[in-house]
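Keeping the supplied structure of chain A fixed, place chain B upon it in accordance with the hints.
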Amino acid sequence: NAGVTQTPKFQVLKTGQSMTLQCAQDMNHNSMYWYRQDPGMGLRLIYYSASEGTTDKGEVPNGYNVSRLNKREFSLRLESAAPSQTSVYFCASSALGFVGVNTEAFFGQGTRLTVV
Amino acid sequence: AQSVTQLGSHVSVSEGALVLLRCNYSSSVPPYLFWYVQYPNQGLQLLLKYTSAATLVKGINGFEAEFKKSETSFHLTKPSAHMSDAAEYFCAVRSTYGQNFVFGPGTRLSVLP
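Chains as they are written, first to last, in this note's numbering: chain A, 1 to 116; chain B, 1 to 113.
If you are wondering where the hints come from, they were derived from the structure by calculation, not from laboratory data. Just so you know, not all the hints are guaranteed correct.
As the list claims (entries may be wrong) - Computed far set for chain A versus chain B, every beta-carbon distance over 12 Å:
#, residue
1, Gln11
2, Val12
3, Ser18
4, Met19
5, Gln85
6, Glu104
7, Arg112
What the hints assert, rightly or not - Restricting the straight-line Cα-Cα distance to at most 30 Å, the calculated cross-link-like pairs of lysine-lysine (DSBU-like) are:
#, chain 1, residue 1, chain 2, residue 2
8, B, Lys49, A, Lys71
9, A, Lys57, A, Lys9
10, B, Lys69, A, Lys9
11, A, Lys57, B, Lys58
What the hints assert, rightly or not - Residues of chain B placed beyond 12 Å of chain A at every Cβ, according to the derived structure:
#, residue
12, Ser14
13, Leu18
14, Leu44
15, Leu56
16, Lys58
17, Phe63
18, Ser70
19, Thr77
20, Pro79
21, Ser80
22, His82
23, Met83
24, Ala86
A quick note: this is a predicted structure, and the numbers were derived from the prediction, not measured. Built from N, CA and C at the ideal position, the CB exists for glycine as well.
Pulled out of the complex, with its shape left as it was, chain A reads as follows (with noise of 0.2 Å):
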């Protein structure tokens, strides 16, 4: 019963390093999420992707991309990192699929990334 998983759970770049986050969940989720966190500021929204095919930016979206390769997987890709991505990524993955269902988020156990 893995729920979500994330991988790496730690990475170290270099300014300028590209590199791809990737998320799978086995709870036959439709949505999915990335999100970031740093200190004082709670967890603040990348991109999600409310179904397979879809993706929307966030509140904080410059500088990333991501992929919704199947219902399962969901990737977050920094294709220059800068030292201002320094932060631990979050994925999550909800049954939300439908206007009025109230469901929680699942939260997978972080990526702990320092770009320096």
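Positioned in the frame of chain A, the structure of chain B alone reads:
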């Protein structure tokens, strides 16, 4: 647009004392509300959620929250704090028609012996 405020970035209580963590929200439509807990170096875990079935919601680990529409609040309480309650707590809101969860800045709870 929805938003969440949490009064107090850090709250300290003595073991056995009442825990009160405050959450106020703004939403133009009836909201769904959530409290999550985060232990160090872990993801977020759902404590409880408001489903509109009852204004007083009971969650895990003895926590509960009361939805007050007139005050746009959803404060989290626990009658008696335990050392294991030390963690960061996040309030979140989702609108009835929304796909996204908006989180507050979080409150770090310390429990003193």
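(request) Could you tell me which of the hints above the structure violates, numbers in ascending order? (result) Numbers 6, 7, 10, 11 and 14 - these are the hints that the structure violates, sorted from lowest upward.
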